[in-house]
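Trainee: If you follow the hints, you should be able to join the two separate chains into one complex; please do so.
Chains as they are written, first to last, in my numbering: chain A, 1 to 291; chain B, 1001 to 1157.
It is worth saying that the hints were derived from the structure and are not from the lab. A hint or two may mislead.
[To be verified] Here are the computed distance ranges between Cβ atoms for each label pair: (1) B:Gln1156 - A:Asp236: 53 to 59 Å; (2) A:Gly143 - B:Pro1014: 40 to 46 Å; (3) A:Ser265 - B:Leu1087: 45 to 51 Å; (4) A:Met1 - B:Ala1017: 18 to 24 Å; (5) A:Glu59 - B:Glu1031: 15 to 21 Å; (6) B:Gln1156 - A:Asp64: 35 to 41 Å; (7) A:Thr243 - B:Glu1126: 26 to 32 Å; (8) A:His190 - B:Ala1017: 32 to 38 Å; (9) A:Asp67 - B:Arg1095: 52 to 58 Å; (10) A:Glu287 - B:Glu1086: 34 to 40 Å; (11) B:Glu1031 - A:Thr154: 36 to 42 Å.
[Unchecked claim] So, partial list: chain B residues that the calculated Cβ filter (under 7 Å) puts toward chain A: (12) His1002; (13) Gly1045; (14) Ala1058; (15) Val1146.
Since this is a predicted model, take the numbers as computed values, not measurements. C-beta: ideal position from N, C-alpha, C; glycine also.
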Amino acid sequence: MKAAPFAYHRPGAVNEAVDLLAEYGDDAKILAGGQSLVPMLAMRLTHFDNLVDISRIEELVGIDLCDGEVRIGAATPHAFVGMDDEVADSVPLLTLATPYIGHFQIRTRGTLGGAIAHADPAAEYAAVALALDARMEAVSPRGAREIAAKEFFTGLWENSMALDEILTAVRFPVWGARSGFAVEEFARRHGDFAIAGAAVAVELDDDHRVTRCGIGLLGLGSTPLRGSPAEDAVLDRPVGEITADEVGRLAISSLDDIPADLQGSATYRAKVGATMVARAWKSATAEASNA
Amino acid sequence: MHEWPVQMSVNGQPTEASVEPRLTLADYLRERCGLTGTHLGCEHGACGACTVLVDGQAMRSCLMFAVQADGCEVTTVEGIASEDGELSPVQAALRECHGLQCGFCTPGFVVSITALLQENPTPTDEEIREGLSGNFCRCTGYQGIVNAVHLAVEMQA
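In isolation and in its complexed conformation, chain B is listed as follows (with noise of 0.2 Å):
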């Protein structure tokens, strides 16, 4: 089929690449970009683990393709913490209470409450269950994610 052009921003820098229509973002941000911490669990919107920022605003990378991203400004987990390698409040909080194990979930969680913390700085915790009920997680049981979107408040408060 016909490729596209397009050209995006990914974690500040300027990508460009033609492809397929059906080439979702997620497969262009691990495939073309190279960055592999975007996660693709069930690749139909349901799991979580593949959400990037996409002008700011977060949704699922395999529910979009990649040239309906074209001309934006895309944030990958790789993007979050700060170029120094320091932890952003979020990642940092998940760290401190426990609130991942084999990980794999964990980018789509990191952009997620990055998202929702942008959003709503002072959650509360019903709100904060509902912002984090469109990401799943298979080992934690969920608490420990809860209290660090808890202490990730208090840390940027």
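Extracted from the complex, chain A is given alone in its bound form (with noise of 0.2 Å):
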């Protein structure tokens, strides 16, 4: 259970990170908190023979308000975002992602960027940087570029960056004043990689009509999904002419490579993921409704 040898580099700045991938390919990996990594590395699942620790970067670390946006610096590690004031304001559902992700011993050193490179399907802000349209900002020797969130997940811990590019900051919309949103999932232990879970924001107009809704799918695939099913049927209704259940089933009605495993069937994860989105749209359009 110990990683076999590699070379350790600590660079100082983005651009230095850039050059060290750039001149070592695929046989150079980014560190960042580690808290999925590490343990792949000590399993001796992975190897790699540099690892570019990227966590001491300033630039970094941060999160800013600007623009109807919140721009998360990509090494900002869980704890930081699950405190912050100003992302509970502006883009809750990280908030409630939160305290799902791990433990808190995992939460003050894994970082929001990590976690969405990593692309695990039961990744929680993965599922959240989805069902909100985020915008990845990715920097490589070519110069930076932004990905939306729908292009990023390619595959199971695949993303579509290419070697040589880092994840800088991750940009999520803030939605209107009349937004409710949810985060649900069911583990058979805390902090355990879900079964299955949603992360669901829904925005409505006077007249209570849903005017933006995004579904955040986790552990229903190879890579975090939408439920885009239920979004579009959703769409300009009235909330109260919608049913929870409806919106579960139609959310997972699409999928066709969700994972059996020890910890239950397709059909068994199919039925708890429609569950999921079910309890999350209710609670996230009770709080649209009363705001």
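Mentor: In structure tokens form, the structure reads like this:
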């Protein structure tokens, strides 16, 4: 249970980190909080000749509110995100998702960017990023670019960044005043990877019609996913006419890659997923209706 | 592989060494500092036995390389009691409430509960249970540990 030898690099700035990645190519891996990578190295499920530790790059840590968005530096620890008042006011879905991530001893070290770049299908922040149409900022030797959340997650533990690209920040849009948010997930023990879960955001107009809805699903595929059929079905309808069961059922209706493992069959996970969506929908719409 | 020099304060004492990057903070504390109170159960972040404070925050010392703690202040279970050996309220409460049996998981619980009560000195029962969820105990069935946290809260009030 010890990692195989590797060379360690501690760049002081993003451009230095990018240069290291460009130099070493697929022999290098970014080390941020390490709460997923270090166990994988320890169990020798993976190995890299070079680890590039970005956790001390100051420009990657911080939370800023600007132009209707909350921009969170990639190396900002979960615990900072979860405790931040500005995040709680502006992007409550992140605040609600944080307690579900591992345990508090993991959240002190794990980072928002690390969790999203790792792209685990059960990652809470990834589901939130999808539900809110967040935008990823990435830097490579070719410059900076933005990647939409829906273009980011490409497979199990895979994202659409190039080998020499670093996720530097994630920008979460701030939704309107008549919005509601909820996260629900089911795990056998608190802090375990969820069997299934959902992050739901909903926005209503003055006539109680749904003007915007985002549903992030976790644990229900090889990547974090969106419950698009449910999002489409609720749009422009009066919220009172929509049942939570309908939203849950539709959210999982197009999934074709639900994992089956010792924790449960695909059918079971689908059922749990629909229930989590339904519960989150109920809470989110209740909050939006009272806002 | 190329070694890195590291310096860190451990329980208030300055330490320094040249380490392989793959050396975990847990192994640094146990093997280089001789502080074997930090226990290694699973070595992949699940069991919590290796929990220490790094700059005041509870972290898994098996999920950090020693080189990443360079320049940090680390507190292990050996640094929780007062210098004359008097148990901290958390330690005394665990003894009083039979919050340990074999003792393997205890260092992780002591450090985690200490951090938990620093952050939230008056946790609810639910908050205590959530706070303990990152540490495994295979002897006690947890009830004695939960009771110990309640008692530690009273003792610190």
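Trainee: Each hint: holds or not?
Mentor: Right, here's what the structure says about each hint:
1. The hinted range of 53 to 59 Å is satisfied by Gln1156 (chain B) and Asp236 (chain A), whose Cβ atoms lie roughly 55 Å apart.
2. Taking 40 to 46 Å as the suggested C-beta distance range, the pair Gly143 (chain A) and Pro1014 (chain B) conforms, at roughly 43 Å.
3. Between Ser265 (chain A) and Leu1087 (chain B) the Cβ separation comes to about 49 Å, which falls inside the hinted range of 45 to 51 Å.
4. Separation of Met1 (chain A) from Ala1017 (chain B) is about 21 Å and conforms to the stated range, judged on CB atoms against 18 to 24 Å.
5. Distance hint check: the CB atoms of Glu59 (chain A) and Glu1031 (chain B) are about 35 Å apart, inconsistent with the given range 15 to 21 Å.
6. A hinted range of 35 to 41 Å for the beta carbons of Gln1156 (chain B) and Asp64 (chain A) is consistent with their spacing of about 37 Å.
7. Roughly 30 Å separates the CB atoms of Thr243 (chain A) and Glu1126 (chain B), a value that falls within the hinted 26 to 32 Å.
8. The beta-carbon spacing between His190 (chain A) and Ala1017 (chain B), approximately 37 Å, falls within the hinted interval of 32 to 38 Å.
9. Take Asp67 (chain A) and Arg1095 (chain B): their Cβ atoms lie about 56 Å apart, and the range 52 to 58 Å holds.
10. Between Glu287 (chain A) and Glu1086 (chain B), the C-beta spacing of about 49 Å breaks the proposed range 34 to 40 Å.
11. The beta-carbon spacing between Glu1031 (chain B) and Thr154 (chain A), approximately 41 Å, falls within the hinted interval of 36 to 42 Å.
12. The restraint placing His1002 (chain B) at the interface with chain A holds, with a minimum CB-CB distance near 6 Å, inside the 7 Å limit.
13. At a threshold of 7 Å, the smallest CB-CB gap from Gly1045 (chain B) to chain A is about 5 Å, leaving the interface hint in force.
14. Checking Ala1058 (chain B) against chain A by beta carbon gives a least distance of about 5 Å; that is within 7 Å, so the hint holds.
15. At its closest, the beta carbon of Val1146 (chain B) sits 14 Å from a beta carbon of chain A; the interface hint therefore is violated under the 7 Å criterion.
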